[in-house]
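Full structure from sequences and hints, please.
2 protein chains.
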Amino acid sequence: MTGRNAFYAQSGGVTAVINASACGVLQTARHNSGEIGKVYAGRNGIIGALTEDLIDTSVESEAAVAALKHTPGAAFGSCRYKLGAIQEHRGQYERLIEVFRAHDIGFFFYNGGGDSQDTAHKVSQLGAELGYPIICVGIPKTMDNDLPITDCSPGFGSVAKYVATSLREAALDLTAMSRTSTKVFTVEMMGRHAGWTTAAAALAAERDGDAPHILLLPEVAFDKERFLAKVEDALERYDQCVIAVSEGVKGADGEFLSATGLKDAFGHAQLGGVAPRVSDLIAGKLGCKCHWAVPTICCVRPVTLPREPILSRLMPSVALRLSSRSPAGMR
Amino acid sequence: MTGRNAFYAQSGGVTAVINASACGVLQTARHNSGEIGKVYAGRNGIIGALTEDLIDTSVESEAAVAALKHTPGAAFGSCRYKLGAIQEHRGQYERLIEVFRAHDIGFFFYNGGGDSQDTAHKVSQLGAELGYPIICVGIPKTMDNDLPITDCSPGFGSVAKYVATSLREAALDLTAMSRTSTKVFTVEMMGRHAGWTTAAAALAAERDGDAPHILLLPEVAFDKERFLAKVEDALERYDQCVIAVSEGVKGADGEFLSATGLKDAFGHAQLGGVAPRVSDLIAGKLGCKCHWAVPTICCVRPVTLPREPILSRLMPSVALRLSSRSPAGMR
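Order-wise, the sequence lines are chains B and R.
If you're matching positions, the first sequence starts at 36 in this note's numbering and goes up one per residue.
If you're matching positions, the second sequence starts at 36 in this note's numbering and goes up one per residue.
Derived from the structure by calculation, the hints contain no laboratory data.
None of these values were measured; they are calculated from a predicted model.
Please note that the accuracy of each hint is not assured.
Repeated chains share a single entry, so a pair holds when one copy, or any two copies, can fit it.
[Said to hold, decoys possible] Once the Cα atoms are required to be at most 25 Å apart in a straight line, the calculated DSS-like pairs of lysine-lysine come out as:
id, residue 1, residue 2
1, 324, 259
2, 117, 324
3, 265, 324
4, 265, 320
This is how it looks when you write it as C-alpha cells:
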C-alpha cells in the first residue's frame, strides 16, 4: 500500500543546509512509503506548483538523495514569491489546491522563512475550507534565526560559524598589520531586523580585547557620537577596532542607515552598503585607515562543492511536467 | 660548527600561505644548521629590525614550527612600511645593517610583494657597499600574482581557488532564485593593477553560459555602453548575469572607477566599492534586482583556524629584545 503523494518546495534565499532539509524530507518519505507515496519537488519553489512544473524525486538514487546534504544552492530552485492574503489572491490558493488534487498530493512541505510558514498555514486553512484534506508542514529555513517558536533554525548555525571564523581571521590579519596599516575593519552582516548573525560574530572573541570590539545590532538605535567614542576607545586600548554591523541598523529616527530605495518581491526594502557608510564616518572623523567588507550569502556558505553537482542544474533531465496546459477546470 | 644567523620578516597584506613560507625558512635553516645559526623573525616585519624587536624562533618546538603551515594571519606580524630610496633614506638602511651586525645576521629573508623584493635588493647593495657580507633572499608573497619573473606566486593559488569556488556557489544561488529575485550579482575582486584574481573567477565556469558572464579586468579600460550591452545580453540568454570586477578597473580616462581619495603607507591609492558602483549602474539602467559583494582578504583565506593559535598572538612570550636602547654606535 502506498500513501498519498507529497509536494516539497524551497523558498527564499538559500542557506548552506536547505538541501539537507530536502534530504531529510525525501529520506523520511522513502522510509515511510506506506504513508507517503512519491515526493514531487516544485521547480523554483511554490511557483513550480502554480505552473505545474513538478520534479519527480522518486527517480533519484539513494546516493543522489544522500548527496543533497552537501550540495550548495537550492537543488530544486527557490523563489521569492509571496502568495498574498487569501481574500485578495484566493485564485492562487485555489490553483494550488487544484494542482495538488491532480497529483494526489496529501502532504505539503514548505521549506522557508516566516512568509513561507505563513503560506503553509494559509494553504492548510484553504484546504479545510475547500474540503481537500492536506497536511501542511512548514520546515524552518533562515540564516537570520528570527522564526517565532524555533530556538535555533537550520541555516543559522552554519552562518554563525562562518561569521565568527571569518571575523577572527580578519582580526588576526589586522593585528598582524595594524601598526602600520589598517586600524579599523568593518564587516557588514546580514539580518534585516534580527541581530543574531551580528551577535554570532562575538563568538570570535575569547579574551578581553579580542575582536569584535563593537557590534551594531538592528535592535539598538545607532548613536553616532556614542559609536565614534567607542571606536576611539578601542583604538586607544588595542590599536585596532573590529566592527560587526548589521545591514539593518537604524538611526533613532527609525530609518535604515543604508537603504537603496529598492524593494524586493516581498515588498521588503533592499538594503546594502552600511559598512562603507560606517567606515567613511570613522575615516572622516578619525582619519585612520579603514577597510570594510560586505560578504553576501555566497561567502556565508561553508559548504564544499561536490565534484559533479548532483541533481545537476536544478534537475532539468528529470523534470516532470504532466501537462503543459492547465488541466480541465483549472484557470 | 654553526653558521651565521638569519633574519626573516613578513611584509604587506598577509596571504593564506605566508606562514607556510615562514615554516619553509625555519625548517630549512634547522636542517642546515651548519650553515645557518638561529633564525630571528622581525616583529611586524622590517620594523622589527629597525627597532631591534627580534623574535628568537629557535626556542620553538618542531611541532610549533610545522603548525605554521596551517596558521592564519602573519605569525610574526607584518607591516606596510617602505624603506624608500637609498639616497634619501640611507640612515634607515645603515640602521638595518647595524642591527644585523649586532646579531651576526648573515642571511636576510624578506617575505613580501614587489616592494619587499626591491628592499631586499637594496639591502644587498648597501651591504656590499658597507663591506658587510649578507645574503639577501626575497621570498615571493602576493595574492595579486603580479611579481615579475615568478609564474605563480605563493598566495595566488589559494585566492584563485577561493574566488572560483565562491563565485560558483553564488551562481548556484542565483540560478536557484533568479526567476523571482536577484538577476545580477557583482563581486569585487582584489588586484589593483593585475587582473589575475578576477581572471581566476573564470575557473568557476565549466559549460557555455556558466557564471561568470562578465570579467572586468584592470588591464582593460571600462566602457560603460559596451558593458551594459553585455549585461543585457547575458540577462536575455541566461536570465541572470554574474560579474567579477577588479577593484582596480579604470575608465578610458585612466581614473579608477572607485577611488576613496586616501593613500596607504606605500603611497598607493586606497580603493573600495567598485562593485556597488557597477551594481547601481545596472540597477539604474536596467531596473532589475542587483546584489553585490566586496569580500576582503578575511574571506579570501581558506584556512582552518587551529584550536589554539600557535606562536600565540605574535609570540609575545618569546619576544627577544636584546637591548631596549640602541647598542653603542647606533643612531
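So, going through the hints one by one against the coordinates:
Proximity of residue 324 and residue 259 under a CA criterion of 25 Å is satisfied intra-copy only: 19 Å inside one chain copy versus 30 Å between copies. For the identical chains of this complex, residue 117 and residue 324 are inter-copy neighbours only, at 17 Å across copies versus 43 Å inside a copy, given an alpha-carbon limit of 25 Å. Within a single copy, residue 265 and residue 324 get their C-alpha atoms as close as 17 Å, which meets the 25 Å cut-off; across copies the closest is 36 Å, which misses it. Proximity of residue 265 and residue 320 under a CA criterion of 25 Å is satisfied intra-copy only: 13 Å inside one chain copy versus 40 Å between copies.
Of the numbered hints listed earlier, not one is contradicted by the structure.
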